[in-house]
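First residue of the sequence shown: 1, per full-length UniProt numbering; consecutive thereafter.
Take the hints with a grain of salt, since some may be wrong.
[Unchecked claim] When the alpha-carbon atoms are kept at most 25 Å apart in a straight line, the in silico SDA-like pairs for lysine to any residue are as follows:
#1 Lys77 with Met18
#2 Lys48 with Cys107
#3 Lys48 with Ile19
#4 Lys77 with Gly37
#5 Lys48 with Arg28
#6 Lys48 with Leu11
#7 Lys29 with Arg76
#8 Lys29 with Pro69
[Claimed, not checked] Using C-beta positions, here's what the derived DEER-type ranges look like:
#9 Thr23 with Val111: 35 to 45 Å
#10 Pro12 with Asp55: 38 to 48 Å
#11 Leu120 with Leu15: 40 to 50 Å
I should point out that these hints are in silico values taken from the structure, not numbers from a laboratory. As the structure is a prediction and not an experimental result, all values here were calculated from the model. Here a beta-carbon is modelled for each residue, glycine too, at the ideal position from N, C-alpha and C.
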Amino acid sequence: MPAGGLQTHNLPTELLDMILEETALETRKACSLVCRGWLDLSRTHLFKVIVVRADATFDAFLCFLRAHPHISIHIRKICLYGPLGSGKPEAECPRVDPGTLVDISLCTPNVSYIELQAIL
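Taking the hints into account, I'd like the entire structure generated from these sequences.
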């Protein structure tokens, strides 16, 4: 082993996964930069839950998912929220086209939970 270096290729993936599960967001971000081997493992934890807040539509989120399938496969839970302080009148809440929801679900095959709040 090089002086001052740490060889991670001998650590079981399961152990690294358990360590990342317990780390803070900033640490997970840093771990994703360590090496290619840690990138995919880090993404699993970084993108497990996605919260999207929109004032109008969720089309930009759908475009992101289509452009980044290597990220969307890691998403397990999606929360689509309307504006903060959802006491807004119904006319001001964002609308989600059912087709957009279908397209989002097709782009995220591993999602098992979708939460919708303050949207129509």
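Results of checking the hints against the structure:
At roughly 19 Å between alpha-carbon atoms, lysine 77 and methionine 18 fall within 25 Å of each other, so this suggested pair holds. Between lysine 48 and cysteine 107 the CA atoms are separated by roughly 14 Å; this keeps the pair inside 25 Å, and the hint holds. Between lysine 48 and isoleucine 19 the CA atoms are separated by roughly 15 Å; this keeps the pair inside 25 Å, and the hint holds. With a CA separation close to 24 Å, the supplied pair lysine 77 and glycine 37 stays within the 25 Å bound.
Annotation: proposed proximity of lysine 48 to arginine 28 holds, straight-line Cα distance about 12 Å (limit 25 Å). With a C-alpha separation of about 23 Å, the suggested pairing of lysine 48 with leucine 11 holds against the 25 Å cut-off. Straight-line distance between C-alpha atoms of lysine 29 and arginine 76 comes to about 18 Å, which keeps the hinted pair within the 25 Å bound. Note on lysine 29 and proline 69: the hinted pairing holds, with a Cα-Cα distance of about 19 Å set against a maximum of 25 Å.
Look at threonine 23 against valine 111: about 23 Å separates their beta carbons, and that is not inside 35 to 45 Å. A C-beta distance of roughly 45 Å is found between proline 12 and aspartate 55, which places it inside the suggested range of 38 to 48 Å. Separated by about 46 Å at the C-beta atoms, leucine 120 and leucine 15 satisfy the suggested range of 40 to 50 Å.
In this structure, only the earlier hint numbered 9 is contradicted, and the remaining ones agree with it.
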